[in-house]
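With the hints as constraints, model all of the structure from the sequences given.
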Amino acid sequence: MNASQSPRAWAVAALLILALCLSAIAAPVGSDPPTSCCFTYTAKKIPRNYIADYYETNSRCSQPGVVFTTKKGREICANPAEKWVQEYMDHFELN
Numbered sequence: 007m008n009a010s011q012s013p014r015a016w017a018v019a020a021l022l023i024l025a026l027c028l029s030a031i032a033a034p035v036g037s038d039p040p041t042s043c044c045f046t047y048t049a050k051k052i053p054r055n056y057i058a059d060y061y062e063t064n065s066r067c068s069q070p071g072v073v074f075t076t077k078k079g080r081e082i083c084a085n086p087a088e089k090w091v092q093e094y095m096d097h098f099e100l101n
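Taking the working numbering, I'd label the letters of the sequence shown as residues 7 to 101.
Worth double-checking, as some hints may not be accurate.
Here are the simulated SDA-like pairs of lysine to any residue, each with C-alpha atoms no more than 25 Å apart in a straight line [claimed, not checked]: (1) Lys50 x Ala15; (2) Lys77 x Glu62; (3) Lys51 x Ala87; (4) Lys89 x Ser12; (5) Lys89 x Asn101; (6) Lys50 x Pro13; (7) Lys51 x Met95; (8) Lys89 x Leu100; (9) Lys51 x Asn64; (10) Lys50 x Ala87; (11) Lys77 x Asn55; (12) Lys50 x Val18; (13) Lys50 x Val73.
The set of hints was computed from the structure by calculation and includes no laboratory data.
Structural data, given as structure tokens:
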């Protein structure tokens with residue numbers, strides 16, 4: 007483009023360049039890392055009456071995990087293979 011071309015042509019060119027730059031740095035959909043993973047598990051069984059809720063960690067985590075949220079808002083990772091963890095999950099699913 008030369009300097010005599012319209013400002014509209016310059017604006018279109020600038021938008022195209024911006025779009026190319028943004029598409030080059032944008033990550034594909036679904037490439038975000040998991041937001042919560044368990045790297046260690048609690049060694050102790052948590053009293054069930056302390057627990058308000060639970061969720062399972064994302065399948066993209068390095069190891070499976072169940073995160074129990076206590077009534078005070080604390081999050082505790084537990085091993086989903088443990089019998090007590092499975093029993094607690096069943097309890098919360100039924101209630």
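A quick look at each hint next to the structure:
{"no.": "1", "hint": "Lys50 x Ala15", "result": "violated (67 Å)"}
{"no.": "2", "hint": "Lys77 x Glu62", "result": "holds (18 Å)"}
{"no.": "3", "hint": "Lys51 x Ala87", "result": "holds (13 Å)"}
{"no.": "4", "hint": "Lys89 x Ser12", "result": "violated (72 Å)"}
{"no.": "5", "hint": "Lys89 x Asn101", "result": "holds (19 Å)"}
{"no.": "6", "hint": "Lys50 x Pro13", "result": "violated (69 Å)"}
{"no.": "7", "hint": "Lys51 x Met95", "result": "holds (13 Å)"}
{"no.": "8", "hint": "Lys89 x Leu100", "result": "holds (17 Å)"}
{"no.": "9", "hint": "Lys51 x Asn64", "result": "holds (22 Å)"}
{"no.": "10", "hint": "Lys50 x Ala87", "result": "holds (14 Å)"}
{"no.": "11", "hint": "Lys77 x Asn55", "result": "holds (9 Å)"}
{"no.": "12", "hint": "Lys50 x Val18", "result": "violated (62 Å)"}
{"no.": "13", "hint": "Lys50 x Val73", "result": "holds (14 Å)"}
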